[in-house]
Every structure is written in C-alpha cells, then in structure tokens.
Amino acid sequence: MNLRGVSAIYKFEMSRTFRTIGQSLASPILSTILYFIVFGSAIGSRITDVDGVSYGAFIVPGLIMLTVLSQSISNASFGIYFPRFSGTIYEMLSAPLSFVEMVLGYVGAAATKSMMIGLIVLATAGFFVDLEIKHPIWMLFFLTTTCITFSLLGFIIGIWADGFEKLQLIPLLVITPLTFLGGSFYSISMLPDIWQKISLLNPVVYLVSGFRWSFYESSDVSLGVSVTMILVFLSLCIGIIAWIFKTGYRLKN
Amino acid sequence: MDFAISVKNLSKKYDNGFQALDGVNLDVKKGEIFALLGPNGAGKTTLISTICGIVQPSSGHVEVLGHDNQSQYRKARSHIGLVPQELTTDAFETVLNTVSFSRELFGKAKNAAYIEDLLKKLSLWDKKDTQIRMLSGGMKRRVLIAKALSHEPDILFLDEPTAGVDVELRKSMWEQVRQLQETGVTVILTTHYLEEAEEMADRIGVIRKGKVILTESKKTLMEKLGKKELVLDLYKPLMTLPDDLKNLDITIVTDGMQLVFTYDPLKEDNGVVSLLEKLKEYGVKCKDFNTRQSSLEDIFVELVGESS
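Line by line, the protein sequences are chains A and B.
Residue numbers for the first sequence follow the working numbering, so the first one is 344 and each next one is one higher.
Residue numbers for the second sequence follow the working numbering, so the first one is 2 and each next one is one higher.
Bound-form chain B, shown alone:
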C-alpha cells in the first residue's frame, strides 16, 4: 500500500552532540490519524521538523506520498501543512493577510472563497482584519491551523496542538481534525496527553530517546497490553488468600475489604468464573464487584518504564 509518510533509518545528531533521532523507521498510512506519543525530549518535534524539511537529517530518508523530501522537496513539501508547537506568528499582520501569505508561499493561486470558508470553519472570520497580537492564545493556535491548511495539504502535522488549550476548545479541535480526516487528509499529531491519542488516533507510535519503540493500531495496542481488573468488595475482611488462589494475580487491598484480580479479557479461560466459584467454596462472600479496563495511560507508563 502507498504510505502518506515513509521514514527510513532516520537519524539526527545536533551540533551539540545530542542524538535526537536514532534510526527511526515509521510508516503512516494515507487517510489515518496517527498519534506520536512520547515524553518530553523524546524526539517528537525533531522527527516532525525533519519530515517537513526544517531540520537537516544526519542520515536516512523520508518519503512524502512517494516523493523524497530532499531530492523532490518541492513536491514533498507542497503536500504538507505544519502547525508548530510554539505560537509563532507575525504579530502585526492581520489574520486574513497572514493566511493568504501562507497560501502564496506554497505557490498556490489566490482563492478567496476557500480562505473565507476555512476561516469560517475555524471561527476566525470575524477576526479576519484583527492583528494577530490582539488575539487570545486559543485563537492564535487556530490561526496557525488556518495557515497550515491554507494551501490545501494532503497531510497535516499538528505538533502538540492542544498544549495549553482549554477543554472545550480541545474538544472542538478534535472535532475539526475528524472532519479533516473525512475529507481525506492524513493527520499526524504529537501529544503527551494520552487522552488525546486515545480519543483521536487510529494508530499510535510511541517514541522514546529518539527511537520509535512501537507502532500499533490503537485497538491492537489496547488489546495487546490492556488488562482488565476485577474488583470485589467483601462482607468480611480477608487477611490471607487460600493456598489455591495464591498462584493467581490477586492483591488484597483496603485492609482486606477488597480483592483485585487482574486478568486478560481476551483469553478463552480468563479465570474470572473459576475465581468466583472458588471464593464461594471457601465461603468468601462478595457484596459488590466491578471491572475496569486499563487505559492507554497505563499502557504508556508500562512501555516507557520497561525500556528505561
């Protein structure tokens, strides 16, 4: 299949000796929302910057819709829109001017109707003649998104799009990203909000110390690593487990009033029924129970912890 982005053995060592990327391999499929997840300093921004042509790689290759981003940089870059992490804007320009400027910079003919539509969708049309310095942080972020979309790119990079953005605005951004995906745009976002990746992404890549340590569809990732917990509230405290149950993954919490059993929900015999039967045998009575699925956050902590 053709990939939107294909990264091969990409490395970047900065002049100060910092190895920001260390042999990254990554394929992003056309039309998907891909979340690049990783702690601060993991290399997320360097990876994006290298793909977009802002940072010169030390070695390796990047293809954007089949175009090498060095030898065919014009074709490669014309497909990409980039929303940077920092709110870097020309403070004294008006919204409309700066967005039109971006479109021209990418070599596209003027299209007033498209720009108007874009600004309306991002709720910026009312502010089109306002200088950017007069806008709030959230609005500046949307101006940057409008600039990135001004030349109708096929691939949109969002570097920490919702950093410092309030919950309501975040939700509305997610909505907009989904709408973009519906029009066929491939979206690659970096985030350290796991909630965001969980909510948005079709696939997730985890980057750590300049290496992509895992790429997986969100569903597979959650299934593969996602465990379930069964929490049983007991009538009477239980201080020690019967010998029979000691080989199961059970912990006693809240002074013996609760048992937590961790199991793999995908296994045919996940042990839940036999546990309940055994407890009944031993006369341990439950007054309530509930189950919970581990979140992406738990998975992430586990992954990042493992490889450290």
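Just chain A, with the same shape it has in the complex:
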C-alpha cells in the first residue's frame, strides 16, 4: 500500500481547502443563518412543535444534511474533475498508486471537509436554538457515512462530467430537489398519504430521518431502515467506482 501517495493527495486536497477557507466556510454558515431567519423565525414561529420538538430545532438535522450533501458532492467532484480538466491527472495515473488509494486520498479529503462544515453548521445552529443530541455516536455515524457516501458520488460525477456544466447538473437537478423534498424542513407524516408513499422512494428521506432520530428520537422511518438504506447507497457508490476503475472509464481512454 502506497500510504505516502494517499497522504500526498489528501494533504494536497486539504491545502486547497485551507487556501480558500474563507469561501469554504462563509457560504454554508451564511446560508444556515438565512434558513434560520426564514424558516426558523419568520415562518417557524407560526408552526407548532413537530413531534414535541420546536420547529427551529426540528429543521437543524435537515439543514446539516442539506449542506453536507451538496458540499460532499461539490468538493469531491471538483477535486477529481479539475486535474482531468487541467491535465495534471497524468501524474496520478502514472504513479505507483492503486485506484483504491486514489479514492482514499480524494474522497477522504472531500469527506473530511464536508464533515468539518457539517459540524460548523451544527455549531452555528446552536446560536439560534437549544440543541439536544440524544445519541451522539449515532449522530456521528450518520454524518460520517453520509459524507463518505456522497463524496463517493461526487467522485463519480467528477469522472463522468466532461464539462463544468455537467459538474453542476446532478447537484442542481437531482440532489437539491431530493433534499428539499426529503423531509429536511418537515416531517413526512405531515404529507397526504400518497405523497408519503412517494417520498419513500427518495433516498434522502432515510438519511434525514435517521440523522434526526439521533438528535430527538423522532423519525419518519425506523432506525434500522435508515441504516440499511445508507449502507446500500454506500455499497452502490463503491460498486460504480470499482467498475469505473476496472474499465478505465473516462480516465484511461
């Protein structure tokens, strides 16, 4: 195992993050504050408690997920797309480095960054509402697996994309709607029956539900189902990446 190679990529990606630390943090913090002003104070003050949790506190897990999903995807997809675009990928491909090691470096760094941002959003939310985390270990489990899974997805997008537009396409057209409709700002049980059923097709529902359970023990689907689903997504992403590397798709052709 070329651990030095992995750490070189990881450090390179992290230093890219820290070089633009201001932008990296400012935007998620600002949007969290905006969400709190709009949903928490303006609208939230007219909404009653959800499952015994004040609306402001109720939306915190969903807000963190929203940020973490988009950050994971954009960090990882940009991280691998940019060297492909600029051509510096030649060095990775010619180095004595397995694909698994490449993924560890890139996805590890992207997941670390979104994890950091997720925790910062959590801390920011703490200024607005009283937070209570009933199951911190489960909270970290959900946060970490989500960061890793969606960084893997971002990595796949970064390899698939052949232009900067395509990098934005899936986050904008798929992930954002799924997150907004995935119960980030409401409980699925508030919806009419038919929409509750349709919502169960949305993978983000399981992430948000499980994550919210770790805070307040209230959830739309059972903990077991949430854990199973997130592990299914994780395996799916790993499977796709294994295929990409086996065939050299978009990398070696």
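None of these hints come from the bench; they were simulated from the model.
Each statement offered as a hint is correct.
Just some of the chain B residues that point at chain A, by a computed CB distance under 8 Å:
1) C53
2) V56
3) Y74
4) R78
5) P85
6) T89
7) F93
8) F102
9) L106
10) G108
Ideal Cβ positions, reconstructed from N, Cα and C, are used throughout, including at glycine.
Put chain B on the given structure of chain A with help from the hints.
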C-alpha cells in the same frame, strides 16, 4: 541483455475508432538515450502514455525493467519519470511544494537535500517559493522535469521536451539529459526536431501511423541511409554529360555551372576518383569542389515518404 523497456505487439484503438498504435514492438536498452521520431499524430504520445500506464492498451504487453506494467504496475511505474508534452501544472502551488508532492505520490520518503540539489541543478532553487503560474514557459517545463525526477527514476520519458523552448534553453536541456545519462538513467524522448535526435540520441526509432517502422543506432542509420554528395564548380557550363558518365548519379545544376554526384561513402569503389579522372579526360575543368553528408532530416523525409 536486459532492457529498460520492452514493448510487445502493443496496439491501441481509441473509442472513436482511431488506431493510434498498431502492433508496436520496441526494445530500449538500459542507459541509452532513445529518440522516438515521427510526424504529428504518428502515435508517439500514445505509445509513451501506454508504457507509463496513463492509457489502457487494447492488446499487447509492456515490461519496464522486467516488470509487466499491468500486473506489476507498482514496480513498473516506480521506475519511471514522465515529462508530458503539455505544460500541465497546478498553477497555484509553489515549485517546492509541487515537486515534493510528486516524490510523495510515488511513495518515496522525504529527502530535502535531494530535492534542493535537483532544483539547483535545474536553476529553480531561487523560485522554490514562487507559484507556478508566475513562471515563464521554459521554467514551467523545468518544473515538470523536476517533478519527473523527484522520485529518482531509472527511466525518464520526455515527450517533446523542447517544443516551444528557445535555442539556448534547448541546448542546456540537452546538456542536462546527457548528465542524467551519465548517472545511469535511461532517457526516452520524442521529438520532431531532427536536430535534437541527431544531437542527442544513441538510437533512433521512427514511428509512423502507429507502427515503429525502424529502430537503429543513429550511427548505423546515418551510415545505412546517409549518402554523400560531391559538388563540383565548373569553369565553363556543361549542358550535357558525356555518354560514359550517364550511368552515374549525376545531376547538372545552376545552368550547367555545377555537377552534383551522389555516392555511397562506405563503398570501396565509390566512384569519386574515376569520375574526376573521366572529367579530366573530357577536358572538363573544375575550379572548386565540396562534399556534404545527408542529415538525419533527409533520411527521415526519405523514410516517411517511402512508406506513405
């Protein structure tokens, strides 16, 4: 003998149907400077990329110092340093960081003294803390060379190393390549500057339409195909050749004021003396003469032309 690089029946067809390599066989000896010569689009870069693991071959095998570049890719790749044709760099990194990064990427332990020495040799030490985007083209090229040498490879690939580099810098690069060879590094360069191949290479391979059509030591190549020309300046114009001389390879140029005789300098009886004697017999007087050897360029044009 053991080869640095051994390529067997290597083919590459791209997804768009372009056959970039078509059954290439090539052996590069340890410690030599090998020049891969060919027109644009001949497959030079694809060949290098396939050897280095950047492009997946459609069929065939590559061994790097005896290691298969697919099944033993770690060993194979760790011996290779690659300087790509394009100036692809991480624009916002500093010179020192990017070179140290390359060394780590290849799994080598840090060695500040080696990197310092390397950067000094390439006249980059003064710029070690400068962001790459601030450097000139020639300096960027040297940064890429430093990156390729950062992990102390045994084989260095230089893909068009002097494209767009001024004459002075080119000469100094040649010098550096020679110094590398002295330390035992095998160097494989692609070029379409024939001057470069002629100046640098021990052996030359000519690639055309994805096939290596010839590999030969430079000396043999020049001897084999190199012809000499004898140019005679005449006192009086000569419009037609005497019948005796018509079977020789002679052309009359500059309105009969010059005769050009092409001959093989390696032949025992190359015909020069008998030509001069015959001209004397016919009373054709010469005021001056000179000979010239055909260059690699002539040879190359001939080769590429022949197989088209």
